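Enquirer: One letter stands for each residue in the lines below.
There are 2 protein chains.
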Amino acid sequence: MNPVRVGLLGLGTVGGGTFNVLRRNAQEIARRAGRGIEITYAAAREYDPARLPGIESVKVTDDAFAVVDDPDIDIVVELIGGYEPARELVLKAIANGKHVVTANKALIALHGNEIFSAAQQRGVMVAFEAAVAGGIPIIKAVREGLAGNQIEWIAGIINGTGNFILTEMRDKGRDFADVLAEAQQLGYAEADPTFDVEGIDAAHKLTILASIAFGIPLQFDKVYTEGISYITREDVSYAEQLGYRIKHLGVARRTAAGVELRVHPTLIPDRRLIANVDGVMNAVLVKADAVGPTLYYGAGAGAEPTASAVVADLVDVTRTLTADPENRVPHLAFQPDALSDLKILPVEDIETAYYLRMCASDRPGVLADITRILGDRGISIEAVLQKEPPEGEQQVPIIMLTRVVREKQMQEAIEQIEALQSVEGKVTRIRLEHLKSS
Amino acid sequence: MNPVRVGLLGLGTVGGGTFNVLRRNAQEIARRAGRGIEITYAAAREYDPARLPGIESVKVTDDAFAVVDDPDIDIVVELIGGYEPARELVLKAIANGKHVVTANKALIALHGNEIFSAAQQRGVMVAFEAAVAGGIPIIKAVREGLAGNQIEWIAGIINGTGNFILTEMRDKGRDFADVLAEAQQLGYAEADPTFDVEGIDAAHKLTILASIAFGIPLQFDKVYTEGISYITREDVSYAEQLGYRIKHLGVARRTAAGVELRVHPTLIPDRRLIANVDGVMNAVLVKADAVGPTLYYGAGAGAEPTASAVVADLVDVTRTLTADPENRVPHLAFQPDALSDLKILPVEDIETAYYLRMCASDRPGVLADITRILGDRGISIEAVLQKEPPEGEQQVPIIMLTRVVREKQMQEAIEQIEALQSVEGKVTRIRLEHLKSS
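Chains as they are written, first to last, in our numbering: chain A, 909 to 1346; chain B, 909 to 1346.
Everything labelled a hint here was simulated from the structure, so no lab data went into it. Since this is a predicted model, take the numbers as computed values, not measurements. Any given hint might turn out to be false.
Put simply, identical chains are the same to the list, so a pair is met inside one copy or across any two.
What the hints assert, rightly or not - Derived DSSO-like pairs: lysine-lysine, alpha-carbon spacing no greater than 27 Å straight-line:
(1) 1130 with 967
(2) 1130 with 1344
(3) 1295 with 1251
(4) 1000 with 1334
(5) 1316 with 1251
(6) 967 with 1316
(7) 1251 with 1000
(8) 1344 with 1316
(9) 1295 with 1195
(10) 1316 with 1334
(11) 1000 with 1295
(12) 1130 with 1316
(13) 1130 with 1251
(14) 1316 with 1195
(15) 1195 with 1130
(16) 1344 with 967
(17) 1334 with 1080
(18) 967 with 1295
(19) 1251 with 1195
(20) 1295 with 1334
(21) 1344 with 1251
(22) 1295 with 1080
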């Protein structure tokens, strides 16, 4: 089947990220979607070709309407942002019978009712996963994954800039203004930070979340919005002394009297998972009647995290372009004829770090014997914990953490350690994973 | 449009939960799916009608094959569990041209390749969201939400029983055998706990996750599996002293050499979000190339959490029963003509708890004045933090946490407090949410 032809509006941070992800993962994406997804036409006033390897094969114009009006384009991806001309472009694309994917939360929160109504009449889709919480598939989770539930409330950290500032204020005991200036330098905050720190960006996202949770029209103007600029480092510290963290939350709650829609700084008990979401990360906690609480965590902004959501929408839309059963989501995510025959490794070839616990005689040289056995196999030791011998006993527990090593090496080392006269019984070994994200 | 007719196999914990959720949320579900979803035929050897209000309107048989062979049934939901006769029933349903929804991880992990191949040939869907991590929509998130990514690794707490045991061992310094016995009494662990504590259940789920992440066939027999019964309370304590938590993880990782598939106890740095997932809760951490790390948290078992996933699958399958654009996922989750006109509350009517900080004279009676103002409006105080006056100053900061109250009451109270002679300047008030899940 021919690839789907995508017209991309905007080649800035998210537009560039989307171009790069679609190109880098083209094969993986086609294996999932059943056909290729190709950007064939793009609109941008200016862009940096050095950041976009392969862009030379794409027709680029500075006239976004030319892309929207091109009959060869199946799907328009709007990544310009802002209200206008984004609104006009999206409505034009719909009128032209094209499906639309957008990351534009301001557009959807304010003009979504109009846009969806036009799309409904024209029979096209408007997908907007990237508009809320960046790469976290929260729209899909709430709209489809929790479709069997009555949703009771949603509470989300949905602005990374605000969360970065509050995290720094807590970690380093710094003042709001001080951290904001740094965030601006690091590029986490805009030169005009109003949208982020005054909660407007979060209110856009909350508007969307509330609609898909409760089945109500988008009503941005009814969100109560409060920023974080009045929070002092003393507040952060007092809250901590009382067992709380301060987070800038968007809260949507269904009550008997009506729906609460509010964005404001909020104290949360520090043992809650969401209270421990730090830095620029986002998280959305959803309470629903059947499933109970579920939480979704990830990067809420940035070029490739946002692109991840845009591409997921492109795959979803691509599936609707034909009605064949082959266009459904494949059982195992990838098309049946596109499964790969990757080798599953035997456990001996697996690499992890290790925790080792052994019982050894409390006399000189024992630790040296053990570390020599490990060292001979290239196993580095990260930490050692040696306990006092229990009252009246000759044996002491020795605990070690190692760096990453191949399981086979560790098995051999353990056999040799267990053979030492000075070590009693078996060595307990538990694998250790740092689960670092980079 | 007529409701979709569902045949339910099994009226036990999950079957009963599914029946109850579909009935309780029938209206909400129909508003999303565009048509009703009704259980019209069920198979169960025995069941308790007292737990299933409304079951009297459903035809119940003790012959599951009668349901699978009934030409009036559109979708078969298999909630019997185990390998046989579940496998035979599912294959028969497929052969009869029916779509299938199942929560059966053992069945999918071991016989999924055969089942999906049969479904593919017959053009029907087999949906299995409930098979992994209960109510967390993790299949949907990985298979669709991250479709633009190359997935690098997945690490999941995907067995609630094991996580409950390890959490109790840490919290209370208890031994494995001791906690297991309690978990059995509480109904968190089966009389034969082998599947849970030896990691077989987790290996079933990991098999499925790895296939949808990497696009490889299901290969349960290649998962390296280790249980938690060898972990001692000393190991838990030593790990903690070193800054780690022990969790029973399923890990699937793509390396240059091949795919690692392993279930074993694992030390994780205690500052990681997933290290703080406690009790019977599940969480899956996914590292992908574009989006980076994302985490999905929720109840991994239980009647209604699992039913939540079963119903989400039913809604998905229902959408494929016709090819009309009207059967797509609606933009705002609910069908455009099924949006409701719920009132959005003005902020004065919102109810939360509060943190208050004020600066007051350091003399007797001040606190009494403040608490009287609050008490007169029915505002209860949860905690007070009174600091020493800074060197040479007459004013002390007073911090209070209140219980939940209506915003309007609080605004009035704050105005009165600010009018007190003994209180200087403005009162800082930050809202407080406990975000309790029940």
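Enquirer: Within a copy, between copies, both or neither: which one fits residue 1251 and residue 1195 at a CA-CA cutoff of 27 Å?
Expert: between (40 Å within a copy, 20 Å between copies)
Enquirer: If the cut is 27 Å between Cα atoms, do residue 1344 and residue 1251 qualify within a copy, between copies, both or neither?
Expert: This pair counts as within: shortest intra-copy Cα distance 24 Å, inter-copy 44 Å.
Enquirer: What label fits residue 1316 with residue 1334 when the C-alpha limit is 27 Å: within, between, both, or neither?
Expert: This pair counts as within: shortest intra-copy Cα distance 17 Å, inter-copy 66 Å.
Enquirer: Reference check for the pair residue 1130 and residue 967, CA-CA at most 27 Å: within, between, both, or neither?
Expert: Neither: 42 Å inside a copy, 48 Å across copies.
Enquirer: As a check of your reading, is residue 1295 near residue 1195 (CA-CA no more than 27 Å) within one copy, between copies, both or neither?
Expert: Neither. Shortest intra-copy (45 Å) and inter-copy (37 Å) distances fail the 27 Å Cα cut-off.
Enquirer: 27 Å Cα cut-off: does residue 1130 pair with residue 1316 within a copy, between copies, both or neither?
Expert: between (62 Å within a copy, 17 Å between copies)
Enquirer: Is it within, between, both or neither when you check residue 1334 against residue 1080 at 27 Å Cα-Cα?
Expert: between (45 Å within a copy, 26 Å between copies)
Enquirer: Have a look at residue 1316 and residue 1251 and pick one of within, between, both or neither, based on CA distance no larger than 27 Å.
Expert: within (18 Å within a copy, 64 Å between copies)
Enquirer: Within a copy, between copies, both or neither: which one fits residue 1000 and residue 1295 at a CA-CA cutoff of 27 Å?
Expert: neither (72 Å within a copy, 61 Å between copies)
Enquirer: Reference check for the pair residue 1316 and residue 1195, CA-CA at most 27 Å: within, between, both, or neither?
Expert: Cα proximity of residue 1316 and residue 1195: across copies only (26 Å, versus 45 Å in one copy).
Enquirer: Between copies, within a copy, both or neither: which fits residue 1344 and residue 967 at Cα up to 27 Å?
Expert: Neither, since 39 Å and 53 Å both go past 27 Å.
Enquirer: With identical chains, the pair residue 967 and residue 1295 could be close in the same copy or across copies; at 27 Å between alpha carbons, which is it: within, between, both, or neither?
Expert: Result: close neither inside a copy nor across copies, 68 Å intra and 66 Å inter.
Checked against the numbered hints above, the structure violates hints 1, 3, 4, 6, 7, 9, 11, 16 and 18; every other hint is satisfied.
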